[in-house]
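Engineer: Below, each chain spelled out in residue letters.
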Amino acid sequence: QQQVKQSPQSLIVQKGGISIINCAYENTAFDYFPWYQQFPGKGPALLIAIRPDVSEKKEGRFTISFNKSAKQFSLHIMDSQPGDSATYFCAASMRSGGYNKLIFGAGTRLAVHP
Amino acid sequence: DTAVSQTPKYLVTQMGNDKSIKCEQNLGHDTMYWYKQDSKKFLKIMFSYNNKELIINETVPNRFSPKSPDKAHLNLHINSLELGDSAVYFCASSQGGQKETQYFGPGTRLLVL
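Note that the protein sequences, when read in sequence, are chains E and Z.
Heads up, the first sequence is in my numbering, so the first residue is 5 and it goes up one at a time.
Heads up, the second sequence is in my numbering, so the first residue is -18 and it goes up one at a time.
Quick caveat, the hints were computed from the structure, so don't treat them as lab data.
Hints should not be assumed to be uniformly reliable.
[Said to hold, decoys possible] Once the Cα atoms are required to be at most 27 Å apart in a straight line, the calculated DSSO-like pairs of lysine-lysine come out as:
1. LYS(-10)/Z with LYS105/E
2. LYS61/E with LYS72/E
3. LYS(-10)/Z with LYS19/E
[Said to hold, decoys possible] Every beta carbon over 12 Å from chain E, so not counted as near; a handful from chain Z, in silico:
4. GLN(-13)
5. ASN(-2)
6. LYS0
7. SER1
8. ILE37
9. PHE45
10. ALA53
Note that beta-carbon positions come from the ideal geometry of N, C-alpha and C, so glycine has one too.
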């Protein structure tokens, strides 16, 4: 019940295309859904996040779509660029013993070809 | 002015040895974490400390012992290293409360031979 399922495992997109990564969760106690971006040899860094009271959040070329009834959320990267090539992790946070606990999806390796 | 730093960056050691990884954050955060990232990139929380107090302890072998001397530091000591411990270990910190963004360090790449 604490799992976050992420797909696809890997994704190849042409420059200028749209990258879409999907995640699904089971536990309705999750109340915060961030996406992290990780470049090779670096630690993950927060990209964008959403709470379940909104259905969409946009920051520049990055958009999270959230479907509370389906317990699914997705990341859309518009006008994908080679510099977006990285591993993307969705995550879900819940309160555990009064503190926040982040559960990560398995990650999606995105390659944007010029 | 690195926000979350870890030492060492790389660690190569023999099976059975004991090793430590250090983490420091200068963000003034109250909560710190240790994560393990395996060869398939799967990222899993191991421990979390809030103001030097252990608050999250996942199912981790007791060969792993975290220590927080103060709220800016969280170290990880590993006894009797095994081949399966080879991974990248990330330290992270967050403000806590409603501010849930976690800031990750650069990682320590551990290879057990």
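Engineer: Hint by hint, say whether it matches the structure.
Structural biologist: Here's how the hints hold up against the structure:
1. For a cut-off of 27 Å, the pair hint linking LYS(-10)/Z to LYS105/E stands: about 25 Å separates their Cα positions.
2. Distance check on the hinted pair: LYS61/E and LYS72/E sit about 14 Å apart at the alpha-carbon level, within 27 Å; holds.
3. Between the alpha carbons of LYS(-10)/Z and LYS19/E the distance comes to roughly 33 Å, so the proposed pair goes past 27 Å and is violated.
4. Interface exclusion of GLN(-13)/Z from chain E breaks down, the closest Cβ pair being 9 Å apart, not more than 12 Å.
5. With a least CB separation of 24 Å from chain E, ASN(-2)/Z remains clear of the 12 Å interface cut-off, as annotated.
6. Taking the minimum C-beta to C-beta distance to chain E, about 20 Å, the non-interface status of LYS0/Z holds against the 12 Å cut.
7. Listed as outside the interface, SER1/Z is consistent with that label: its C-beta sits roughly 19 Å from the nearest C-beta of chain E, beyond the 12 Å cut-off.
8. For ILE37/Z, the condition that its CB be more than 12 Å from all CB atoms of chain E is violated, with the nearest at approximately 6 Å.
9. At roughly 18 Å, the least C-beta separation between PHE45/Z and chain E is larger than 12 Å, which holds for a residue marked as non-interface.
10. Chain E leaves ALA53/Z outside its interface by the beta-carbon criterion, the shortest separation being 17 Å against a cut-off of 12 Å.
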